[in-house]
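Peer 1: As a plain string of letters, each chain reads:
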Amino acid sequence: RNSQLPISDHVMPLDRYRNTALVDGIDVRALPLAGDCPAPASEGKQQQQQQQQHWFQRRLVQDTVGSGYVEFGDTKVLCSVHGPMEPKRSVLTDAGAEQSRAQLQVYYKLAPFASHQAGRVSYLPDETERRAASFLQDTLAPSLRLDRLPKSRIELHCLVLEDAGCCLATAVNCACLALVDAGLEMYDLVTAATVCRPVGATDWQLEVGDGSNSGGSSSVTLAYMRSLRQVAGMLVEAAEPLQPREVSAACRICEDPCKMTHSSLRQFLLDCLPADDRTAKIA
Amino acid sequence: QLLSEPERQYIFDSVQDAVRIDGRQCLAYRQAALRLDLLCYATASAQVSLGETDVLVSVREEDNPGATAQQQGSTGSVVAAAQQQQPVSHPVSVWVDCSCLGSGPEQQQLADEAQAHLSSLYRCLRTPTPVFVDILLLGYDGDLLDAASIAASAALMRALPASLLSAQALPLFATVHRIGSQQIVDANQLEESCSMARVTVGVDSNGRLVACQTCGEGSLQFESMTEMIETGVRKAMMLHDSVAKLVARVL
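Residue numbers (UniProt numbering), protein chains in the order written: chain A, 1 to 283; chain B, 1 to 251.
These aren't lab readings, by the way, just hints derived from the structure by calculation.
Among the hints, erroneous ones may be present.
[Unchecked claim] To be clear about the criterion: a stretch of chain A counts as covered by chain B if any three or more of its residues have a C-beta under 8 angstroms from a C-beta of chain B, and this derived list gives those stretches: (1) 138-146; (2) 222-236; (3) 240-247.
[To be verified] Pulled a few chain A residues facing chain B out of the computed Cβ check, cut under 10 angstroms: (4) E127; (5) S134; (6) V190; (7) C251; (8) R252.
Using N, Cα and C, we set each Cβ at its ideal position, and we do this for glycine too.
Only chain A is shown next, with the shape it has when bound in the complex:
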C-alpha cells in the first residue's frame, strides 16, 4: 500500500467557524477495502501485553448523562446512560415497595458489522444479546445505589462495535465506566474478566480481544467487586461437561484480572478529575 495517501484537491476554503476536518481528511477511495485488512495481531509477547491492557474513554456521546468507551485488544464497546427518567408503569406495579428503588433497564446490542465470525448481525436483538442484557443488569444492580433514586428509571444502552473475544466482560467494564461518568452512586466498581478453555484442554486461559477464541470452547465470565470482595455475577458457557471444581478454579483464576482492571479503571477515573479536586479524594 502506498504510504502517502492522496488528499482530495477539491477542498472548501478555510473557514474557522466550520469543521476543518476536511482539510486534514483523506480520500475515502484510498482506504483499503475489507479484503485488504491486516490479520488480527496474535503473535509477539509485547503485542500480547498490549492486547491485555484496557483503553478507557469517557464522554464520547454528547447527549447522554454519561457514556463510556472501552477497548480491550480489538474488542470495542460503547455504553451510554440515560436517566433518571419516568419509571415504566405496568398493571402489576405496586405504588409502594416497587417504587422505592430506581429501575435499571439494560439494552445490549451488537452492531451489524461487529462480529468477525458470524458475518452480519441482525438489527433485532437475538437470544444471546437478550441473555447478555439480563446478565449486565444482574451484575450492575448490586453495586448501584438504586435506593437513592426512587420512582425513576435508568437506561443503559450498550453497543458492541467490534467483538474480537471477551465481549461480555468488556461490556461490564464499559457499563461501569458509563455509570460512574453519569454520576450515579455506586458501592464499588464492577469489573469483569473471562477465561476460556478449548474442548479437551486442561488449562484455563485469560480471554483477550484478539479474535483467537473460536466458538468451540468453554468460557467462564466473572464480574467482581474488588473492595467489597464479592462476586456480582458469574456465567459459564460450557462446550463440554465440566466438573464443579473446575468451574470454581476458573472463577478463582478470573479474580486477578478483575482486580487489575479495577485498579486501572480507578486510576483512569482519578486522572480524569481536575488536579485541584484530586487531592481532596480519599485514595
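Starting from the known structure of chain A, fit chain B onto it as the hints suggest.
Peer 2: Coordinates of chain B only, in the frame set by chain A:
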C-alpha cells in the same frame, strides 16, 4: 407477586431459622408429579407439576425431513436423497410460551430468560434430525427452570433413540436461592421475590456441569457461590435419580 415489607421480613426471618412458609426443609423439593405421553401429535411429551408450577413440554422430531420435500414433486426426491447422504447434526431448538399467565412484560421476560437458560442447557446435545422442544407454562409458582428441565429432559429421553442417549446424558437444572445466610431450593414465588441472589446449575447424570449462572440483584462471596454450586449439583443428582426411576417405570 406483591408483598408488603413486613411480609417480606417475615419470610426472611423464618428462613434464617430454617423454617419455610409452607413448612418444608430448606433443601427439600415440593411434591412433584410427572406425566408422560399426553399429546398424540408430538414425538414425546411430558407434564411436570411442582406445587402450583405446571409445565407442559412437547418434543417434536422431524424424523423424515425429505418426506415433505417429496410431496412437492420430482425435484423433492433429489433433495431427499441429498439430505440422506450427508448426516447433519442439529442443535435442539427450544421455545418457551408463557401466554397462559398473561401477556405483560414480566411474563415475556420470564419466558425469554427461561428460553435462554434452557437453550444453554441443551447446547452440547446434537441430534441427527431437527428436534423442537416447545415448553408451555400452565401455572407459575416459582422454580420454573427446574420443572421445565425435568419435563423437557423426560420428554427428550422418550423421544430420542437409546443410542444417542447413552453417549450423552440429559442434563437437569437445579436452582439454589440465597436468603440471608440460608440456602433454599425450589423456591415458590413469594420466596423468589425475597431472595437476593440465586445460582442455577445445569448438571448431567454424571455430576458434571453443562451450564452455570448467577442471577438476581445481589452479590455473593466466593465461598457462598461455591457452596451453592455444590448444593445445586447434589440436588440435581437427586433429581436425576428420581426422574430416571419414574421414566423407567413407565417404560
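Peer 1: None of the hints should be skipped; say for each whether it holds.
Peer 2: Going down the list of hints, with the structure as the test:
no., hint, in the structure
1, 138-146, "holds (count 4)"
2, 222-236, "holds (count 10)"
3, 240-247, "holds (count 6)"
4, E127, "holds, 6 angstroms"
5, S134, "holds, 6 angstroms"
6, V190, "holds, 9 angstroms"
7, C251, "holds, 7 angstroms"
8, R252, "holds, 7 angstroms"
In the structure shown, no violation is registered for any of the earlier numbered hints.
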